[in-house]
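J.: Letter by letter, the chains look like this.
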Amino acid sequence: MDLRTIPGAHGRDPGNAEMSSRPNSLADAAATAATLALCAVTAAITIGGSTSKYAALEASARGLMVGAPIAVGLHARGLPAFHRFGNLLIGAGIGCFFASFSASDDGLIYSIGRISGWLVEVGLLYLVLAFPSGSLERVDRALVSAIALVILLLYLPTALLVEHYPTPSPWTACGGDCPGNAFMATDAEPALVADLIRPVRETLMIAIFSAATVRLSLRIGHASHIVRRTFAPVLTVATFRLAAVATGIATSALAPDAAFIDVVAWVVALAVPVLALAFLVGLIRWRLFIAVALERLALRLRAHPGPDVLREALAEAFEDPSLDVLYSLDEPEDHWADASGRAVDPASLQTAACITEAVDDGRRVAVFIHDPALRHDDAFVDSATAYAAIALDNYRLSAQTSALLREVHESRGRILAAADQERRRIEHDLHDGAQQRLVTLRIKLELAAERSANGDGRDAELLSALGSEIDEALDEVRSLARGIYPASLAARGLVEALRAAALRAALPTAVLAAGIGRYPREVESAAYFCCLEALQNADKHAAGATAAVIELTYNGALTMEVRDDGAGFEVASVAGGVGFTSMRDRLAAVGGHLEVRSSAGRGTRVRAAIPLGVDTSGAPGTSGASA
Amino acid sequence: MSSVALRDALMPVRVLTVDDQARFRGVARDVIDATPGFQSIGEAETGEEALSAIDRLAPELVLLDVRMPGLDGIEVARRLNASHPETLIVLISIEDPLDLPAAAELQGVVPLVRKQDFGPALLRRLWKEHSR
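Quick note, the sequences are listed as chains A and B, same order.
Per our numbering, the very first residue in the first sequence carries number 1; after that it's consecutive.
Per our numbering, the very first residue in the second sequence carries number 1; after that it's consecutive.
Hint data in this document are derived by calculation from the structure and do not stem from the laboratory.
The beta-carbon is built from N, C-alpha and C at its ideal position, and this holds for glycine as well.
Please note: incorrect hints may appear among the correct ones.
As the list claims (entries may be wrong) - According to the in silico footprint, chain A covers these stretches of chain B (three or more CB under 8 Å from chain A):
(1) 16 to 25
(2) 119 to 129
As the list claims (entries may be wrong) - Distance ranges between label pairs, derived from CB positions:
(3) B/Gly-26 - A/Ser-479: 38 to 48 Å
(4) A/Thr-581 - B/Asp-30: 25 to 35 Å
(5) A/Arg-597 - B/Gly-26: 52 to 62 Å
(6) B/Gly-26 - A/Thr-581: 44 to 54 Å
(7) B/Pro-85 - A/Glu-472: 32 to 42 Å
(8) B/Pro-85 - A/Ala-557: 40 to 50 Å
(9) B/Gly-26 - A/Asp-429: 18 to 28 Å
(10) A/Ser-479 - B/Arg-29: 25 to 35 Å
(11) B/Gly-26 - A/Ala-543: 46 to 56 Å
(12) A/Glu-472 - B/Ser-83: 33 to 43 Å
(13) A/Thr-581 - B/Pro-85: 49 to 59 Å
Claimed, not checked - Every beta carbon over 10 Å from chain A, so not counted as near; a handful from chain B, in silico:
(14) Ile-41
(15) Ser-52
(16) Pro-85
(17) Leu-88
Work out the full structure: start from the sequences and follow the hints.
T.: Below you can see the structure in the form of structure tokens.
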């Protein structure tokens, strides 16, 4: 897992990256001049040391071997993402410069060149394995260490022992008339060198190069889409060169006189500038890819993006389907959520492919999980961070709004539930208290009246009169209780309560209810009082109405319709009235809504619907809850 | 003693009162005691108790309150109608009968009276109509 924190758009840290990307024309000119100078020296040495008629061509080729890596290295160095690699490439180019001394016919210069040629191989292998970041993974480090050891222990010491350096070499075209080794310290070349050291080191080199070839091939094979497209040329050329070197070594050991070996040597030599070119192509392709991706991103995210839109846009723009964005929310502490708002366990981040943290204004905004190839590109990271900050703000806002709405909804529900409960309590108290007392009083009066009927008639009359008073009081209390909360609603359900209400209504009212069972308390309550209000409206206001209908249906939602055939009314002028508002409020608290239609001469239709998840039908006769 | 009075004294109508309100059970007992020819043989507080009391005591007249927790009066009346057709069941309610549409199906079969109308006169009238 690769984790890095980078400054976001708001708090940009003017570090090294900034400085190296600023073009400095003086430095550029100096660098170019130096490069050309080196190439010129190389060409001069080559021409001076060459005896063939193709000296000029050879000189150009060797010049290219030096110039190309340095030039591409200078270019790459200017890009923040490839700064390190660029430096390495320049280093390799300089190494090639010294290796080009091998073309000289002067013994000392030649010898320096040959030794440099060995050392350059380490550098080239390093380059090829470290592309494009400039740093090595563990396996590759082992390979580079191996080749360094071989060069150090089996090649360099022989510089003191051999008379002639082994040919052919990619660094020189001299075949049989190469200069002698200027560093020879012994009188004669020990047989050990030819018999043991050379075979061993060549075998090892072949092994190392083969391993590196395999490694590179696997990398191409396993590469993600981005890597494959932009770095394929490099990996191909590098693989090819490694294979050629291995072939060259093997052939020169087994069939030293084959003319084929010279060809292989030139191929290996020219592979260096071709490799540099491939690096350049790769860099350009990468920059193009990022530029196109950013352009696509900018077009796609013109408006303020939400988190899921951002994730999609990023994944599409950078062609990384596995890309994901996680947002860090403030509450609860260290809480992570993905684009759709689901909570994500931070522990799962440990196994992610590559993670980049985005920090904006000192606070951690988001975390990107993405293709490892993208991590080095600041352009990607900066733009993605900026957008992520916006998206996170959006997300926070909308989450806050949702939370607020939920709270409002819940508190509304609570208020209505509390009001209903209060009503039920009052009705219950009336029933158990006042009504029962009055009833008992009435019966006792009746008893007393009967008893006194045997005695003074006037007592009986008085008692009967009192009894009538109480009858009236009872009627009033009953009516009051019914208006507060009808007993039948809690005990028997919506349909029963509405039937009772229909019987008492001024208009002849029919109740049509099919498949209506029991529902949660607050739903039945809201439905009942809405229908009651609508019915009472019809009774009071529907001029010329002859009948009303209450129709109840259930189809995933409880729907009630109260219709009358009266004169109708102007809905717009009445819609804001207290009656309708309270109906709407009651319905809204249980997630329902209201629809009122009325036209002159066509009657009125009040329709309410309450969506329900589960129908909690209960068998009639078993009282659910008598408060 | 007249023959009626004798009969009333020897074979009073056995009445069971069912109501969750203790107050009504008390006053009902007073009424029954004050009505010659009727005897209160027991009380029940819930519908379930009523069913077991009826099996145990075999009353001739059962006063059933409609609104009780658990098994309500209407359900008990329905069951009794099936199991004890000879017993007179009277549903008593504080509510207006109009507010109890569910009782409509028992109309004509089981009388439904208002609680406040309960008294010796009503008691006698109900029994007389039933005996006919």
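J.: Now, for every hint given, state plainly whether the structure supports it.
T.: Hint by hint, here is what the structure shows:
no. : hint                             : result
1   : 16 to 25                         : holds (count 3)
2   : 119 to 129                       : holds (count 3)
3   : B/Gly-26 - A/Ser-479: 38 to 48 Å : violated, 27 Å
4   : A/Thr-581 - B/Asp-30: 25 to 35 Å : violated, 51 Å
5   : A/Arg-597 - B/Gly-26: 52 to 62 Å : holds, 55 Å
6   : B/Gly-26 - A/Thr-581: 44 to 54 Å : holds, 48 Å
7   : B/Pro-85 - A/Glu-472: 32 to 42 Å : holds, 38 Å
8   : B/Pro-85 - A/Ala-557: 40 to 50 Å : holds, 44 Å
9   : B/Gly-26 - A/Asp-429: 18 to 28 Å : holds, 20 Å
10  : A/Ser-479 - B/Arg-29: 25 to 35 Å : holds, 30 Å
11  : B/Gly-26 - A/Ala-543: 46 to 56 Å : holds, 52 Å
12  : A/Glu-472 - B/Ser-83: 33 to 43 Å : holds, 40 Å
13  : A/Thr-581 - B/Pro-85: 49 to 59 Å : holds, 54 Å
14  : Ile-41                           : holds, 20 Å
15  : Ser-52                           : holds, 18 Å
16  : Pro-85                           : holds, 20 Å
17  : Leu-88                           : holds, 19 Å
When held up to the earlier numbered hints, the structure conflicts with 3, 4 and fits the remainder.
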